Amino acid sequence: MIRAEGVEATEFPDLANQFNVRGVPQTVINAGGGSVVGAVPEQNLIAEIKRAMNQ
Amino acid sequence: MEKLLNEQIIDQIKQTFAQMKEPVQMLFFGSRENCDYCAEARQLLEELAAVDEKLGLSIYDLQDNADVAAQFNVDKAPGIVIAAKDGDQIIDFGIQYSGIPSGHEFGVLINDILLVSGRDSGLSEPVREFLKHLEKPLHLQVFVTPT
Numbered sequence: 000m001i002r003a004e005g006v007e008a009t010e011f012p013d014l015a016n017q018f019n020v021r022g023v024p025q026t027v028i029n030a031g032g033g034s035v036v037g038a039v040p041e042q043n044l045i046a047e048i049k050r051a052m053n054q
Numbered sequence: 000m001e002k003l004l005n006e007q008i009i010d011q012i013k014q015t016f017a018q019m020k021e022p023v024q025m026l027f028f029g030s031r032e033n034c035d036y037c038a039e040a041r042q043l044l045e046e047l048a049a050v051d052e053k054l055g056l057s058i059y060d061l062q063d064n065a066d067v068a069a070q071f072n073v074d075k076a077p078g079i080v081i082a083a084k085d086g087d088q089i090i091d092f093g094i095q096y097s098g099i100p101s102g103h104e105f106g107v108l109i110n111d112i113l114l115v116s117g118r119d120s121g122l123s124e125p126v127r128e129f130l131k132h133l134e135k136p137l138h139l140q141v142f143v144t145p146t
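Residue numbers (numbering that gives the first Met the number 0), protein chains in the order written: chain A, 0 to 54; chain B, 0 to 146.
These aren't lab readings, by the way, just hints derived from the structure by calculation. Quick caveat, the model's predicted, so the values are computed rather than measured. Idealized CB from N, CA, C, for every residue including glycine. Heads up, a few of these hints could be off.
Said to hold, decoys possible - Now the stretches of chain A that chain B is said to cover, found in silico as 3 or more residues with beta-carbon under 8 angstroms:
(1) 15-21
(2) 26-38
To be verified - The following label-pair restraints were derived from C-beta to C-beta distances:
(3) A/Q17 with B/E134: 22 to 28 angstroms
(4) B/P145 with A/N53: 30 to 36 angstroms
(5) B/G117 with A/A38: 18 to 24 angstroms
(6) B/H103 with A/Q17: 22 to 28 angstroms
Pulled out of the complex, with its shape left as it was, chain A reads as follows (with noise of 0.2 angstroms):
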């Protein structure tokens, strides 16, 4: 159900640029879906994904 997935954004450019990553670490929810920069404490993390998936 959950995938945490570590991307290397230089050896996956195209990706980096579908998901407008300007910094890292950045993490794309869902494809997307939602977007946070930085490590950003849990809380933040989890409010994202609330708001990404509705939830």
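Got chain A; can you put chain B on it based on the hints?
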């Protein structure tokens, strides 16, 4: 081929892996086409797997083993799944890395191995509760660079 990990690094990894609790299996997916870092990534994992017997490695090809790749949701090469191992069974926790885990990301790989070995996400109780009740699949892609 020259070793990627020198003796000093191997010693450090050995000490770190002393904390490993349960066995971990790395699944490597390479590709013969358009994969600049596949050979190096594979060698890195082979040297790493040789450090501790609790850490195993299986080698696959994205095209030749398309069924295994699909089973573990791997669509890039090099692709690395860090899974739990229980006897002959491989248990997928959905933790994977796309690309060569070098530089800073090598440390992240080591931490992932320890995390899977401990069989504990380390997340807070409310977050676990929320994730337990997800109605739709959640895919997180954390874009990183090696430095």
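Status of the hints after comparison with the structure:
Using a Cβ-Cβ cut-off of 8 angstroms, 3 residues of the stretch 15-21 of chain A lie near chain B, which meets the minimum of three, so the contact claim holds. Against chain B, the stretch 26-38 of chain A contributes 5 residues with a C-beta closer than 8 angstroms to a partner C-beta. That satisfies the three-residue criterion, and the hint holds. Against the hinted window of 22 to 28 angstroms, the Cβ-Cβ separation of A/Q17 and B/E134 comes to about 26 angstroms, which satisfies the hint. Judged by the Cβ atoms, the range 30 to 36 angstroms given for B/P145 and A/N53 holds: they are separated by roughly 35 angstroms.
Taking 18 to 24 angstroms as the suggested C-beta distance range, the pair B/G117 and A/A38 conforms, at roughly 21 angstroms. A hinted range of 22 to 28 angstroms holds for the C-beta pair B/H103 and A/Q17, which are about 24 angstroms apart.
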